[in-house]
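K.L.:
Read off the chains here:
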Amino acid sequence: MAVKVLSKGEATRERICAAAERIVLEKGFAATSLEEIMAAAKVTKSGFFYHFKDKHDLAKALLQRYVDHDTQIMDDLFARADALIDDPLHSYLAFLKMFSEVMDDLPDRHPGCMVASYCYQDQIYHREIREMSAEGVMMWRRRFRERLDAIAERYPPRAPVDLDALADMNITIVEGGIILDKGRAEKGALPRQVLMLRDLVKTLFASA
Amino acid sequence: MTDTDVKPQSRGERTRKELMDLAEIAILEKGYAATSIDELIAQAGITKSGFFYHFEDKLELAKELLRRDNATIEAGLKQLFAEAEANYADPLEALLAGMTQYAMAAAASPTSRPGCLAAAFSYQHALFDEEMQQLVLYGLEFKRRIIRARLERAAAKYPPRETVDLDALADMAIAIVQGAMIMDRVRDPPPVMQAQMDLYCTYLRAIFSRRAS
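Top to bottom, those sequences are chains A and B. Following the working numbering, the numbering of the first sequence begins with 6 at its first residue and continues without gaps. Following the working numbering, the numbering of the second sequence begins with 35 at its first residue and continues without gaps.
These are computed hints drawn from the structure, not numbers from a lab. Heads up, some of the hints might be wrong.
Unchecked claim - The calculated lysine-lysine pairs, modelled on DSS-like cross-linking and capped at a C-alpha distance of 25 Å, are:
#1 97(B) x 32(A)
#2 191(B) x 207(A)
#3 65(A) x 47(A)
#4 58(A) x 97(B)
#5 13(A) x 65(A)
#6 9(A) x 32(A)
#7 65(A) x 191(B)
Said to hold, decoys possible - Stretch-level coverage of chain A by chain B, calculated; a stretch enters the list once three of its residues show a Cβ under 8 Å from a Cβ in chain B:
#8 33 to 42
#9 122 to 128
#10 162 to 169
#11 177 to 191
Unchecked claim - Just some of the chain B residues that point at chain A, by a computed CB distance under 10 Å:
#12 149
#13 175
#14 179
#15 236
#16 241
From the three backbone atoms N, C-alpha and C, an ideal C-beta is built for every residue, glycine too.
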């Protein structure tokens, strides 16, 4: 990953976002006060409001940051897989393996997805939040779908496969795996489920 | 899932049920923290002391909701698989028919979009206690147990070529349903739920297929 040097202002903004995300994923946006975010990020009130107009402005920034960050992780892993493997199917399988490993290597269980967090809270009633969330999942679908199209061309599946549904399963498995790990208060279901998806993809496309 | 309760209820029982129904919708729509006792009593047309007659506090109401939800879903899941097994003698066909019904039941909701109370609580877990965590955990456990039992029956008749982790395979159904609910809360229709389950069923069929590939 490219290391970007942040200016002091950018570093403060990033520190606020990181602290806010951690708290919001544990208790929800409505129950999170600006005061506790400022305390956790060690910024003053004026420091906070220099970066964010209000709480809603922060809500949008957290969502955009999460979608961008997640997309970056995927792009980096796909780039690594592509650099190693020429074949679209085997590159995809390598991507899923690496993605599972990254999830398994997290120090703790996955803290959660901002899109999912907001969709279960009243943030979803803000039009901009709803649109950003929907755009986020559709962008992820398109990214996976492009690769699946290339795979289906090289390895025509024996039975017709709904490629949008298969693209979406990358999203549903991760979201669902996070819920399983949150519910069990442990780490393990998410990386395991990504490997299940890998096996599903292999089963659909790989000729014996 | 539908309410099959037909026994006559006292006024107190009706009020209690109404409060729970209102709270369930409010929490599924906007989360626990944003749901207030004041709005619930206003909608139910009762006083605050009326609320506290039924529930110690908001937390106790939330736990009661999840207890009720767990009981409803556990009974519902068992029933839909029992119906599928009555319709299909073959354990694999019964499993697939039951899975399709599971997705349909999960997509049905008293709210405008599908949702799961346990998932909503999971994303606000720091507001709750150990007892709530146990209720969420119980929900995951009985779902896995019920699905796994059907996977075992299919595996007994159609032994998979390779070893399959049936717990992980059962969890996969739960994960896909939870993930599809999240996507369908975020995206406008058409919903993705059934197509996700269809794909999972395609996978099950491949795993348990007798045909050599």
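K.L.:
Each hint: holds or not?
P.N.:
These are the hints, each one checked on the structure:
1. 97(B) x 32(A): Within the cut-off at roughly 16 Å; holds.
2. 191(B) x 207(A): This hinted pair holds, its Cα atoms lying about 24 Å apart.
3. 65(A) x 47(A): holds (21 Å)
4. 58(A) x 97(B): violated (37 Å)
5. 13(A) x 65(A): Judged against 25 Å, a Cα distance of about 22 Å means the pair holds.
6. 9(A) x 32(A): violated (31 Å)
7. 65(A) x 191(B): Violated, at about 52 Å.
8. 33 to 42: Holds: 3 residues of the region 33 to 42 of chain A have a Cβ under 8 Å from chain B.
9. 122 to 128: holds (count 5)
10. 162 to 169: holds (count 4)
11. 177 to 191: With 12 residues closer than 8 Å to chain B, the region 177 to 191 of chain A meets the three-residue bar; holds.
12. 149: Since chain A brings a Cβ to about 7 Å from residue 149(B), closer than 10 Å, the hint holds.
13. 175: holds (9 Å)
14. 179: violated (14 Å)
15. 236: Check passed: Cβ of residue 236(B) comes within 7 Å of chain A, closer than 10 Å.
16. 241: Where the cut-off is 10 Å and the nearest Cβ of chain A is about 7 Å from residue 241(B), the hint holds.
Violation of the numbered hints given earlier is confined to hints 4, 6, 7 and 14; the remaining hints are satisfied by the structure.
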